[in-house]
Amino acid sequence: SAVISQKPSRDICQRGTSLTIQCQVDSQVTMMFWYRQQPGQSLTLIATANQGSEATYESGFVIDKFPISRPNLTFSTLTVSNMSPEDSSIYLCSVVPAGGGYEQYFGPGTRLTVT
Amino acid sequence: LAKTTQPISMDSYEGQEVNITCSHNNIATNDYITWYQQFPSQGPRFIIQGYKTKVTNEVASLFIPADRKSSTLSLPRVSLSDTAVYYCLVGAPRNNAGNMLTFGGGTRLMVKP
Chain C
1 SAVISQKPSR DICQRGTSLT IQCQVDSQVT MMFWYRQQPG QSLTLIATAN
51 QGSEATYESG FVIDKFPISR PNLTFSTLTV SNMSPEDSSI YLCSVVPAGG
101 GYEQYFGPGT RLTVT
Chain X
1001 LAKTTQPISM DSYEGQEVNI TCSHNNIATN DYITWYQQFP SQGPRFIIQG
1051 YKTKVTNEVA SLFIPADRKS STLSLPRVSL SDTAVYYCLV GAPRNNAGNM
1101 LTFGGGTRLM VKP
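Quick mapping for you: the protein sequence lines, in order, are chains C and X.
For the first sequence, the working numbering gives the first residue as 1, with consecutive numbering after it.
For the second sequence, the working numbering gives the first residue as 1001, with consecutive numbering after it.
Looking at chain X on its own, in the form it has when it is part of the complex:
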């Protein structure tokens, strides 16, 4: 069962790039790495997902080294509205075979003006 480790909290300022790293030493071959954002009193929101190397979408980039034992979520030019908890999830939903979906403890990002 892949266990993930993230920093508990991070502070940043508006306009800066923020990088949040997640460690997952026991990641399995079939596991994907997914990041979610959660605001208070809301369910998590999907940000980005990857398997290896680099993935980029309109809101973030995800860097995964060759050994896949860690991953880094990169948020370019953060704003106050990016203040949230960010979760790293390692695993992949598998039909009828149980699910090894392990959420990390989450990183509480505070963006300051």
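Pulled out of the complex, with its shape left as it was, chain C reads as follows:
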């Protein structure tokens, strides 16, 4: 397994601004992902954070809106840019530990409210 922390845990932001969310893992992992979960809804994959290269985005998500960095094997950031109220959601990072199967371990999430 892996222990994952996210910062901030929650934030209230004004529209038009940007917020960067950090995800830190206590061990090296092979893959890191970013998800969005709107209240009462299921999870939607935003992108795969690739170490040393550009993230791989899912349909409907673009780099200009959700730039992602992954400078090493234990850390990643997701920026939500030029925010609007529709971006209000919970953002979660997940990891697949090295040497394991395909199970993912999730961080506690960042609850974002855009006013």
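Treat the hints as calculated values from the structure; they're not laboratory data.
Hints may be right or wrong, so weigh each one.
[What the hints assert, rightly or not] Restraint-style ranges between C-beta atoms, simulated for each label pair:
(1) Q1016/X with P108/C: 23 to 33 Å
(2) G1105/X with P71/C: 30 to 40 Å
(3) V1059/X with T17/C: 20 to 30 Å
(4) R1045/X with T79/C: 18 to 28 Å
(5) A1028/X with S53/C: 19 to 29 Å
All figures in this text were calculated on a predicted structure; none of them were measured in a lab.
Think of the CB as a built atom: it goes at the ideal place given N, C-alpha and C, for glycine as much as any other residue.
We have chain C; now place chain X onto it with these hints.
Chain X only, in chain C's frame:
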């Protein structure tokens, strides 16, 4: 892209066995089936994963028929603390090839005393 379908909600009583079924008719050959549990204000927690037949661990069993078009999560003797949303996920993380990780809508399980 494998789409999954789960019951929206289920009710049970303490001590009963609960079976939650997920349909995934378009599952691909390389896809795994994974179940997660999520409590309010927390990230999902891995429960069990399988590819075919039956898998059992200390908290649950996963039954997968030969055609793999569905799967059933079985929780033996549930307690109040098992009240949560249960998600079925079909796919497998693939390096640098995109990821077909499709979460189902989730099943909200309510365990009553």
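The hints, checked one at a time:
{"no.": "1", "hint": "Q1016/X with P108/C: 23 to 33 Å", "in the structure": "holds, 30 Å"}
{"no.": "2", "hint": "G1105/X with P71/C: 30 to 40 Å", "in the structure": "holds, 35 Å"}
{"no.": "3", "hint": "V1059/X with T17/C: 20 to 30 Å", "in the structure": "violated, 42 Å"}
{"no.": "4", "hint": "R1045/X with T79/C: 18 to 28 Å", "in the structure": "holds, 27 Å"}
{"no.": "5", "hint": "A1028/X with S53/C: 19 to 29 Å", "in the structure": "holds, 25 Å"}
Figure legend: structure checked against the earlier numbered hints; the only hint not met is number 3.
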